[in-house]
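Please construct the entire structure, taking both the sequences and the accompanying hints into account.
So the sequence lines, in the order shown, correspond to chains A and B. Quick note on the numbering used here: the first sequence kicks off at 1195 and runs consecutively. Quick note on the numbering used here: the second sequence kicks off at 285 and runs consecutively.
These aren't lab readings, by the way, just hints derived from the structure by calculation. Cβ coordinates follow ideal geometry from the N, Cα and C atoms, glycine included. Don't take each hint at face value.
To spell it out: a stretch of chain A is covered by chain B in this simulated footprint if at least three of its residues, at any positions, have a beta carbon under 8 Å from a beta carbon of chain B; those stretches are [said to hold, decoys possible]:
#	stretch
1	1226-1232
2	1237-1246
3	1343-1354
If you want the building blocks of each chain, they are given just below.
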Amino acid sequence: MRADRRPMRLDGGDSDADVIRRSRLQPGDFAVIFRRHAPRIRRYVVRRVGPDAADDVMSETFLAAFAQRGEYQSAYGDALPWLYGIATNLIARHRRAEIRQYRALARSGSDPVMEPFTDAAAERVTASGMHRRLAAALAALPAAHRDAVLLVAWGDLTYAEVSVALGVPIGTLRSRVSGARDRLRASLADGDPAALLDDHTDESKDGTP
Amino acid sequence: MNEIELLSLMRNDVPCEEITPQVEQAFLEAIATSDLSTFPRRQRGMRGLRGAIGPRARWRLAIAGGLIAALAAGLAATGIRVPDRSPGSGGAATAPSADQPLTLTELAYRASAAALQGRDISPNQWVYREIESYGGVGLSDPRGVRTTDANWMTANGLHCAMWIRVGGRRELSGRECGGVEPSYAQLSSLPSDPAAIDRYLAQPGPGEGATTALRNDQAFFRIGQILNIYALDPKLTATLYRALADIPGVTALNDARTAAGQAGVAFVLPAPPGSGLPQDELILDPASYNLIGWTEIDEVGDQVHGVPAGEMQAASVLEEAFVSGPAVQP
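See below:
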């Protein structure tokens, strides 16, 4: 999953840090950052708050990033975690709608976020019981824990990258993800223990043995 | 397959669509203006148009405005109005007692009266807050999660700072941050009448229905956010407390308690049966009537689908004070 998660650099190959540094003098260069990362940022935001709010959050994310480009730490070559962090902070303003959608999914099995992506009304998305339970658990998580675990699962970031994205120490981040995973695991185990028989300990994201 | 992998499959069918030249051009035009701070903020009624990047895209730079990244998610939703710390402020009112419980009208009156004793606050006044967030099923849930965060934010919610650790070194991370709607600047154009404020704030967000229950919930939640995030002028704070009491269904709770254990009195909006909404509690200190907590409780739950009765999320203010700048401890 990690191997192909970064988009191909078809726009010159400069690192994000190089582009951002250049954009301080040539603002138009920031469009490269937009082109590289907007699709992934928007997809993440859609998964969290649905397409209605996603366009606003995505556009605000890149406007904010542009405004803050002077503060970007060039030590981070890849701007994606930084952008995810901004987007996640903006998602906070839609927290209640996000939770409501998780609860709707948990209760009815119909996912309001996925409805626009079905071809016909007759093909309304009906989520599996597993996803309904996960949705219920997500709704119950503290916001900081939900942000952390969803940046790992949906943003496809490593723990270190999420730490950068959220601006929290890696230890704090690990604690939050661990707490979230406990809740998610418990919600799944309550309903179908067999669903988790394979493996409960995936530390590949953590980069530690 | 572990829980992270299972979670990664959820909503995995959302497409990752490439940026069209038109959308990129719109972005270029927006940043070419350079002065993002002059962009108007989003306006109600201009949101909610569905569309993905591509032919259906709507690039909303014109209405997106210079909204800037907020604080960490939990924090942005849980900051607390800062009381006036000057002598004689706030705590002049009498605390309710068990044999003399407050009615909703009395609670609104006392909270408003206490707010009016505060002093005017500069929009750039820095405020230090230490907030405890909690999520769990009831307060004694062994799986419940508590998180404490400290931060600095200006009264208008535009500038934030917090300590972060970079490469083993502690650094103060300062940034611009966004708040809630309406923005601090827009607060001055809120109606002056509490009932009109309720009507204004009750308008549903994009993609949300417009049932009476949802409108009431929306008004309560938004007033709570405004009180939480900003340090407001006394008159507006007082009006907002009266507006809370005017929302249909709101009651007073005399023996409220924050998730951190602080006793308080609360404005409560119970969830109508079958609404799927949580019960909201906005908790005030019983002596000073300063805001000390916010709790959302799903009293009913949904055992069939894994939402336990009593599931709650809460925020409690452990400490808050005006300070001279970021990184300054009270």
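Here's how the hints hold up against the structure:
1. Check on the stretch 1226-1232 of chain A: 3 of its residues sit with their Cβ under 8 Å from a Cβ of chain B, so the three-residue criterion for coverage holds.
2. Counting residues of the stretch 1237-1246 of chain A whose CB lies closer than 8 Å to any CB of chain B gives 6, which reaches the minimum of 3, so the coverage claim holds.
3. Given as covered by chain B, the stretch 1343-1354 of chain A passes the check, having 6 residues with a CB less than 8 Å from a CB of that chain where 3 are the minimum.
This entry satisfies every hint, going by the numbered hints stated previously.
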